[in-house]
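So you can see what is in the structure, the chains are spelled out below.
2 protein chains.
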Amino acid sequence: MKMIAGGVCAAKGFLANGIHCGIRKNKQKRDLSLIYSEVPANAAAVYTTNLVKGAPLAVTRRHLQNGVAQAVICNSGNANTCNANGIEIAEAMSGLLAEKMNISAEDVVVASTGVIGQPLDITPIKEGIPSLVAGLSAQNGALAAEGIMTTDTKKKEVAVSFEVGGVTCHLGGIAKGSGMIHPNMATMLVFITTDCKISSGMLQKALSSDVQNTFNMVSIDGDTSTNDMVTVLANGMAGNCEIDSEGAEFDVFMKALNTVTVALCRMIAGDGEGATKLLECRVTGADDEAVAKTVAKSVICSSLTKAAMFGADANWGRVLCAIGYSGAKVDVTRVGVSFVSKKGEIEVCRDGSGVDFSEEKAKEILLESEIEIRVSLGEGAFGATAWGCDLTYDYVKINGDYRT
Amino acid sequence: MKMIAGGVCAAKGFLANGIHCGIRKNKQKRDLSLIYSEVPANAAAVYTTNLVKGAPLAVTRRHLQNGVAQAVICNSGNANTCNANGIEIAEAMSGLLAEKMNISAEDVVVASTGVIGQPLDITPIKEGIPSLVAGLSAQNGALAAEGIMTTDTKKKEVAVSFEVGGVTCHLGGIAKGSGMIHPNMATMLVFITTDCKISSGMLQKALSSDVQNTFNMVSIDGDTSTNDMVTVLANGMAGNCEIDSEGAEFDVFMKALNTVTVALCRMIAGDGEGATKLLECRVTGADDEAVAKTVAKSVICSSLTKAAMFGADANWGRVLCAIGYSGAKVDVTRVGVSFVSKKGEIEVCRDGSGVDFSEEKAKEILLESEIEIRVSLGEGAFGATAWGCDLTYDYVKINGDYRT
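Residue numbers (the working numbering), protein chains in the order written: chain A, -18 to 385; chain B, -18 to 385.
No lab work stands behind these hints, which were simulated from the structure alone. A hint or two may mislead.
Pairs involving identical chains hold if they fit within one copy or between any two copies, as the list cannot separate such chains.
[Unchecked claim] Here are the simulated lysine-lysine pairs, DSS-like style, with alpha carbons at most 25 Å apart:
1. K344 x K6
2. K342 x K378
3. K10 x K107
Bound conformation, chain A alone:
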């Protein structure tokens, strides 16, 4: 497996584009993206568990019932959620695109991200679609990545190549996500494309399984969005024999998918609203996987731990506290904690009590921009990893006045 360039256009037959159509006031900011497969692709998706769901998710879910899609259209700047005419607008987005591209509206995935509860005007989208389509190119994956950004400060794209039965396949993705991120089942907006030939059933199976250990283990702020969605389109153009069951080839595909999704998780967490640091909590020694996941997420979600990391303060008592209230059954007298970064590792807690450590060394480690919080439970062989970020002044600033 190799990391490669090209993002969502790394796989054969995928074109993309991103433009400013006018949903956002800032003309420098692209606000409408399109991903297109030259042939219909098998498709799979997972959605937010929030009971308040964006209208585009309802429309997409209906369109993907047959497991096939050919295009993804997504706007930023407005979530098209909690609007009386939401479904109508989402249907218009997919209908207008389908008409222009001469494909079935049922083969369009539609998504929106931005402010909740403000009516989404179809006019700029309608007027933008011709140039959006005209600019489609295998070189424009990065523009599509830009068009879905909201408070993101960096575009997020990644791709890999891998071999299935001697045939080289490609899989790449783009993501947006910066605030209102606390997934469960699915998260944020992530669009993944691959030219690997795989049945839609196995594609859904791969995605549903993968998100449990990747996007579902990311939390920026504990708020599960109304519009989270991850979709994969597989157009089969690599020419491998179709993967239609479990086995070695499915495992290779899972590995490729996981490489891309973990990279996107790290990008999303590290670019959390206001974040100065990527936090990665690795739990080992758990009795079972559920315990490991619960503990890892609890630590990553603790406001006090997040604020301490912002301050590069080795206040490990807050990590213990978060483990204790996680709800997981843990013997707290066996817990060990250390902090790790490029500058080294420092043990701060052993068997549930503090150990002497150098505050200067801890500070040096915690001033880095990627911090691993390593938790050992000392009870079994299971582990889990969760991703998050520090809690900063800028998170408050961004969210104290997001709409204006």
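For chain A, the structure is supplied; the task is to place chain B on it using the hints.
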């Protein structure tokens, strides 16, 4: 029922004091408090559900097994939690006090609050006990309230008088709590005293029931502390016939208790770390009480909603979002939301969709220091209230470098 002065000394026979003994470096800050009843009192308590528990809680739980206590000693500046010698130190605190006061060590409630994981030196406590005891007075309830403060900016005390069987009784309390507050079962440190005669069984019943709707409905930051505890001492000196069963007199006692606990909840939430506003989420129209509570707590805990309130931004979509991910079964198409303060009420969402409203009026309402978020679910007759505060720059500042 009347609100009265005196706090934890409002009830007959209770004396208190608070001093600086030297646990904290700042000599202006009292760090050791004592509450004393002239006669042994019936006692009840509830404790944190965090698996990581402060050593003083284990000692107190043992001491209260017989339902009787006569004194409460509490230090601030150090939580005496996750220390290998924690139990030993907590036992020394109660033992030294008992010896000085000539009471049984088993009748001492011991508590600590502050940094986790740093050994607590018994020396300043041992040296401070003589002057702590010498200064006991019915006028010094406020000093005890000061001695338990950590990042609190205001001392928290309240008291009421009420009639039981024609006899006037008094009930008052002090509390500390500003960060690491997300109670479940018990919360923060709250010490309540009353001269009402009530059996320890009924006292425990009253307290356990009351906290479900009061302290368990407060969240500052979603972090459940390791040291939360609420205790009530009832010394019977009012001279009423003992309340030993349910009935009208028990109801009066519950009402008095609830008046004091709700007032303390509001003080705690309004003084949350870095808070500029008290947030109160009142949910009505729920199918059952559990749904109402879940929804109210989810709204109060949403970082995005809290940051929006800090910015006086009527971003009601975040309230809907928090209702949607709460886990409660709610028909989101029936949800209504309005914001209320001294400046009036403004409806922002009806039947799950936005309504036109004046942004200026909303701003005026949200600039107040006490905000009610009113949520109607439109399904039944049950309701609940939760208390919290806004998320501010100062929360991050306070917690980015708490230890230094």
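Here is how each hint holds up against the structure:
1. K344 x K6: For K344 and K6, only the inter-copy Cα distance (22 Å) is at most 25 Å; the intra-copy one is 42 Å.
2. K342 x K378: between (31 Å within a copy, 22 Å between copies)
3. K10 x K107: Close inside one copy (18 Å), not across copies (65 Å); limit 25 Å.
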